[in-house]
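Required output: the full structure, derived from the provided sequences and hints.
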Amino acid sequence: MSAVVTPGSVQTAEHSQSHRPDPNYLTHTKGFLSWALTLDHKRIGLMYLVGILTSFLLGGILALLLRAELFFPGEQMFSNDGYNQLFTLHGAVMVFLFIIPSVPAALGNFLVPVMLGAKDVAFPRLNLSSFYLWLAGTAFFLVALFSTGLDTGWTFYTPYSTLTQGPVVAATMGVFILGFSSIFTGLNFIVTINTMRPPGMTWFRMPLFLWATYSTSIIQVLATPVLGITVLLLAAERVLKIGIFDPAYNGDPVAFQHFFWFYSHPAVYIMILPAMGIISELMSVHSHKAIFGYRMIAFSSVAIALFGFLVWGHHMFTSGMAEVTTIIFSALTFTVSIPSAIKVFNWLFTMYQGTVSLVTPMCYALAFLFLFTIGGLTGLFLGSLSTDRHLHDTYFVVAHFHYVMMGGTLIAFLGGLFHWWPKMIGKMYNELGGQISALVVFIGFNLTFLPQFVMGSRGMPRRYAQYDKEFEFLHQMSTVGAFVLGMGLFIAAGVLLSSLFRGRKAPANPWGGDTLEWHCESPPPFYNFLRPPVVKDPYDYSRLVYDNRVGGYVERPEDRASGSHK
Amino acid sequence: MSATELDATHNHSHGHDDHGHDHDHPAWLAHHFDDAEQQFDSGKLGIWLFLITEVLFFSGMFCAYAMYRSLHPEIWTFSSQFLNETLGAINTGVLLFSSLTMAWAVRCAMLGQNRGVVACTGMTIACAAIFLGVKAVEYSHKIDLGLLPAGFYVPQVAHPEHHEGLSKWLIYFMVVPGLFLVVLTAWYGQAVATANSVQKQIAGPLSVSALCFFLGVGLGLYLESGEAAEHGDKAHVAASDSHEETHASDNHSEADHAKDGEHAKDETHAATDGAVSTETASADGHAEASHSADNEIISPDVNKPNAAGLFFSIYYCMTGVHAIHILAGIGVLTWVLVKAAKGQFHSEYFGPVDYVGLYWHLVDFIWIYLFPLLYLIT
Numbered sequence: 001m002s003a004v005v006t007p008g009s010v011q012t013a014e015h016s017q018s019h020r021p022d023p024n025y026l027t028h029t030k031g032f033l034s035w036a037l038t039l040d041h042k043r044i045g046l047m048y049l050v051g052i053l054t055s056f057l058l059g060g061i062l063a064l065l066l067r068a069e070l071f072f073p074g075e076q077m078f079s080n081d082g083y084n085q086l087f088t089l090h091g092a093v094m095v096f097l098f099i100i101p102s103v104p105a106a107l108g109n110f111l112v113p114v115m116l117g118a119k120d121v122a123f124p125r126l127n128l129s130s131f132y133l134w135l136a137g138t139a140f141f142l143v144a145l146f147s148t149g150l151d152t153g154w155t156f157y158t159p160y161s162t163l164t165q166g167p168v169v170a171a172t173m174g175v176f177i178l179g180f181s182s183i184f185t186g187l188n189f190i191v192t193i194n195t196m197r198p199p200g201m202t203w204f205r206m207p208l209f210l211w212a213t214y215s216t217s218i219i220q221v222l223a224t225p226v227l228g229i230t231v232l233l234l235a236a237e238r239v240l241k242i243g244i245f246d247p248a249y250n251g252d253p254v255a256f257q258h259f260f261w262f263y264s265h266p267a268v269y270i271m272i273l274p275a276m277g278i279i280s281e282l283m284s285v286h287s288h289k290a291i292f293g294y295r296m297i298a299f300s301s302v303a304i305a306l307f308g309f310l311v312w313g314h315h316m317f318t319s320g321m322a323e324v325t326t327i328i329f330s331a332l333t334f335t336v337s338i339p340s341a342i343k344v345f346n347w348l349f350t351m352y353q354g355t356v357s358l359v360t361p362m363c364y365a366l367a368f369l370f371l372f373t374i375g376g377l378t379g380l381f382l383g384s385l386s387t388d389r390h391l392h393d394t395y396f397v398v399a400h401f402h403y404v405m406m407g408g409t410l411i412a413f414l415g416g417l418f419h420w421w422p423k424m425i426g427k428m429y430n431e432l433g434g435q436i437s438a439l440v441v442f443i444g445f446n447l448t449f450l451p452q453f454v455m456g457s458r459g460m461p462r463r464y465a466q467y468d469k470e471f472e473f474l475h476q477m478s479t480v481g482a483f484v485l486g487m488g489l490f491i492a493a494g495v496l497l498s499s500l501f502r503g504r505k506a507p508a509n510p511w512g513g514d515t516l517e518w519h520c521e522s523p524p525p526f527y528n529f530l531r532p533p534v535v536k537d538p539y540d541y542s543r544l545v546y547d548n549r550v551g552g553y554v555e556r557p558e559d560r561a562s563g564s565h566k
Numbered sequence: 567m568s569a570t571e572l573d574a575t576h577n578h579s580h581g582h583d584d585h586g587h588d589h590d591h592p593a594w595l596a597h598h599f600d601d602a603e604q605q606f607d608s609g610k611l612g613i614w615l616f617l618i619t620e621v622l623f624f625s626g627m628f629c630a631y632a633m634y635r636s637l638h639p640e641i642w643t644f645s646s647q648f649l650n651e652t653l654g655a656i657n658t659g660v661l662l663f664s665s666l667t668m669a670w671a672v673r674c675a676m677l678g679q680n681r682g683v684v685a686c687t688g689m690t691i692a693c694a695a696i697f698l699g700v701k702a703v704e705y706s707h708k709i710d711l712g713l714l715p716a717g718f719y720v721p722q723v724a725h726p727e728h729h730e731g732l733s734k735w736l737i738y739f740m741v742v743p744g745l746f747l748v749v750l751t752a753w754y755g756q757a758v759a760t761a762n763s764v765q766k767q768i769a770g771p772l773s774v775s776a777l778c779f780f781l782g783v784g785l786g787l788y789l790e791s792g793e794a795a796e797h798g799d800k801a802h803v804a805a806s807d808s809h810e811e812t813h814a815s816d817n818h819s820e821a822d823h824a825k826d827g828e829h830a831k832d833e834t835h836a837a838t839d840g841a842v843s844t845e846t847a848s849a850d851g852h853a854e855a856s857h858s859a860d861n862e863i864i865s866p867d868v869n870k871p872n873a874a875g876l877f878f879s880i881y882y883c884m885t886g887v888h889a890i891h892i893l894a895g896i897g898v899l900t901w902v903l904v905k906a907a908k909g910q911f912h913s914e915y916f917g918p919v920d921y922v923g924l925y926w927h928l929v930d931f932i933w934i935y936l937f938p939l940l941y942l943i944t
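Protein chains in written order, with the numbering used here: chain H, 1 to 566; chain U, 567 to 944.
Heads up, some of the hints might be wrong.
[Stated by the list, open to error] Pair ranges (Cβ atoms, derived): (1) U:G909 - H:F490: 56 to 66 Å; (2) U:K610 - H:T29: 30 to 40 Å; (3) H:H390 - U:Q647: 49 to 59 Å.
[To be verified] Keeping only pairs whose Cα atoms sit at most 20 Å apart, straight-line, the calculated SDA-like set for lysine to any residue is: (4) U:K610 - H:N194; (5) H:K427 - H:Q476; (6) U:K708 - U:Y738; (7) U:K708 - H:R205; (8) U:K610 - H:L497; (9) U:K905 - U:F606; (10) H:K536 - H:R205; (11) U:K610 - H:R125; (12) U:K708 - H:L240; (13) U:K905 - H:R125; (14) U:K610 - H:L126.
[Said to hold, decoys possible] Quick partial rundown of chain U residues pointing at chain H, CB under 8 Å, derived from the structure: (15) H598; (16) F718; (17) S879; (18) C883.
To be clear, the hints were calculated from the coordinates, so they are not data collected in a lab. Keep in mind that this is a model prediction, so the values were computed, not measured. We put the beta carbon where it would ideally sit given N, CA and C, even for glycine.
Below is the structure:
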């Protein structure tokens, strides 16, 4: 056997001959407590996955209720107050319970140590506590929201949030707890990537998913505490009557907006950066070609993370800030779009002259390119002062952020889920089913949100339960699209769930990737790697070849025999 | 290399559950780390990142302070008279000393002197308790004077009230530490009786610390009453005698009436518009205006919920959140104390003491900023 072959691949060969059931991380210990008290990052990642997908289902049902209400201009099933509670719940559930944790917690937790060839994250117990904080925050939050009905919008703007009767304090304390979950996850990843890289993995030999995760973690660590103090001050305003947001006590309600958006703008980069990391991986692996412009993508990730802290004012252009201030924020907003654009071009050039295989993850990645580009470009209309004056608080904004958050993050998340599903679960899903899901989701998504750009620019305000007759057709198109989109997502869920029962066993490397997670079995053993593997270029596909017997990619036999690696 | 193959066949029997420390991972080295250095570096980076999040957490309040002070400097100047610089300075000194004992504890841990760690962390906890004792006095004094967050603020009279006996709020604050003192002393007694060295090392310093809370309370009361007497004298000298004497007797009843009236109004304040509150507040201010001539430090314009109240809102938020961090610090210091009592630290494993030390220095550092910003305004 070759001296430099990693233990993982040695095992694959051995086990296919011995037919012993391997104790992978899913099976090596059993029972509820072995999961509830696990320190294994892979199990924690899976538990997160179940949790956030459940939240996504809840948020999605709320969205469908909203769209159903909007099918006709007048009042249907919900009063105006009921509608307000619906969109508050929808936004809060989606932002705090689903999107922010989604990629880092569900996929990142699983992948970061494995991509590093490490046994676990730096602080496994902190990781588990992050999960329980997420659960606690969720429970807190949902109880608050389902009790007396919160209708402030997910943004909790003062003065309404300080005066209204609803469960604002309970909801904001839920947010506070969730914030800690996010902070600790970010902290864990920064330390893991800093101190637990294997021999040979310098910063510029890391997979780009790790660069994306690292940049996201920087934002999580720096921005989320500010959200923490913001919601704490909001709670203090209600309970202790501190008055800092109340003009009656010489306070300023717009101060809340500054505090809130100082976190919430970087938060959107927490949402998109990991998604971009996924796309970097997907684009390269499924084009069987090294990623174009590795360093530029890496630098862009960090640049987005840092610049993202400077632009929060673009959410407040109409709130009465000084003109000079708005001009500066607008200019900075334009600047922060540049690194994102660099990445989009780099992904395109990665595909060029590559051998693109249109498997499900690649379908989602292509959808991402289209949808995220639209989302990003429409952001420029909002970042430009003169047009924002007309578009602020209209459906244009709603369409913009759904394109970037859903067309961007969710689509990339689904692509990543399909891409790493064989690794995490050990089963292959039905490829045709997956591709159909991507198509239906893509069509449904555009049908839902493209009309919203149009109605927004024609003046349809956001957060309105009833509207003028002139917008009826566009709303109906949007509602139909929403249900198509929902159907597509259910197809995707069905494809993945049915693979649990009927999928064929996945090989170690079904796609031909060269990052370290493909060098251990699917699913990995609970310790990932016995010894830290030695690392080469993560995007060099020349050493891999498809092996029909295994149903996946293996290292070229001649490389193995000679024991040398280029 | 045969070692690789050996590992490959080994792995099934070599579960992580059935090791007997016969491999190169001693008990204090976590299994996912390759060596002690990696573990220490990871922990160090981790705690520094956490400290950065703490700084950002406080930064929101520092921003609020900066914003509102620059908009209303007269509020800050007025309110500073109610903060006792001596108590603040003592607290500063106490925390600085506690940072010294903490650093000393880290040194002891590095040298494997576990008893030294117990002693030094014990002293650190004791200093924290003194700090909290002084804080309890400060808070209870202010609550009695009606110096509360804006929505509950009671416009001030010329003289602080003279307490007969302890403030009831101070008694509330002393209940939980009192319980701790009783329980810990009892535990210490039991540990001595059973000659359990580890428990003695834990219960002993902790019960001394609980006692130090009351030391802090005593210190605070002594200094606070000294200053009240001073103010009383000054007021007597500064104003006409008859006016002052009627004040001294009317003080309580007036203040009580004002307080009751204010509280009733305050309930409605939050819900109704500001104009009403400003009116009633200034009406009270006017009532005080006649006193203001005697004592130049009371200004009716600022002595209102929507003015001085704002300062105290920020004061309670900042010092309150800081005090919560002191409490959390006492918690983790206790954890370190317990580990040291069990003799767990040595030259290759002292991370927890180091990290808790860093946290404690940050708590001290934040106080170093709070003290001048709140106490040394004029």
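So, going through the hints one by one against the coordinates:
1. The hint said 56 to 66 Å for the Cβ distance between G909 (chain U) and F490 (chain H), and at roughly 59 Å that hint holds.
2. At roughly 32 Å, the beta carbons of K610 (chain U) and T29 (chain H) sit within the given window of 30 to 40 Å.
3. Look at H390 (chain H) against Q647 (chain U): about 52 Å separates their beta carbons, and that is inside 49 to 59 Å.
4. At most 20 Å may separate the alpha-carbon atoms for a hinted pair to count; K610 (chain U) and N194 (chain H) meet this at roughly 12 Å.
5. Between K427 (chain H) and Q476 (chain H) the alpha-carbon distance is near 40 Å, which puts this suggested pair outside the 20 Å criterion.
6. Distance hint between K708 (chain U) and Y738 (chain U) is fulfilled; the C-alpha atoms sit about 14 Å from each other, no more than 20 Å.
7. A C-alpha spacing of about 59 Å is found between K708 (chain U) and R205 (chain H), which places the hinted pair above 20 Å, so the restraint is violated.
8. Of the supplied pair hints, the one linking K610 (chain U) and L497 (chain H) is violated, its CA atoms being roughly 42 Å apart against a limit of 20 Å.
9. A threshold of 20 Å between alpha carbons decides the hint, and for K905 (chain U) with F606 (chain U) the separation of about 17 Å falls inside it, so the pair holds.
10. For the proposed pair K536 (chain H) and R205 (chain H), the alpha carbon gap of about 7 Å is at most 20 Å, so the pair holds.
11. Only pairs whose Cα atoms come within 20 Å are accepted, and K610 (chain U) paired with R125 (chain H) is accepted, the gap being roughly 16 Å.
12. Our distance criterion of 20 Å between C-alpha atoms is met by K708 (chain U) and L240 (chain H), whose separation comes to about 15 Å.
13. Distance restraint check for K905 (chain U) and R125 (chain H): the Cα-Cα separation of roughly 18 Å lies within the 20 Å cut-off, and the hinted pair is therefore satisfied.
14. Between K610 (chain U) and L126 (chain H) the CA atoms are separated by roughly 15 Å; this keeps the pair inside 20 Å, and the hint holds.
15. Because the closest C-beta pair between H598 (chain U) and chain H is about 4 Å apart, less than 8 Å, the hint holds.
16. The restraint placing F718 (chain U) at the interface with chain H holds, with a minimum CB-CB distance near 6 Å, inside the 8 Å limit.
17. Below 8 Å, beta-carbon pairs count as interface contacts, and S879 (chain U) has one with chain H at about 4 Å; its hint therefore holds.
18. The interface hint given for C883 (chain U) is met, as the beta carbon of that residue sits about 6 Å from the closest beta carbon of chain H, less than 8 Å.
In the structure shown, a violation is registered for the earlier hints numbered 5, 7 and 8, in ascending order.
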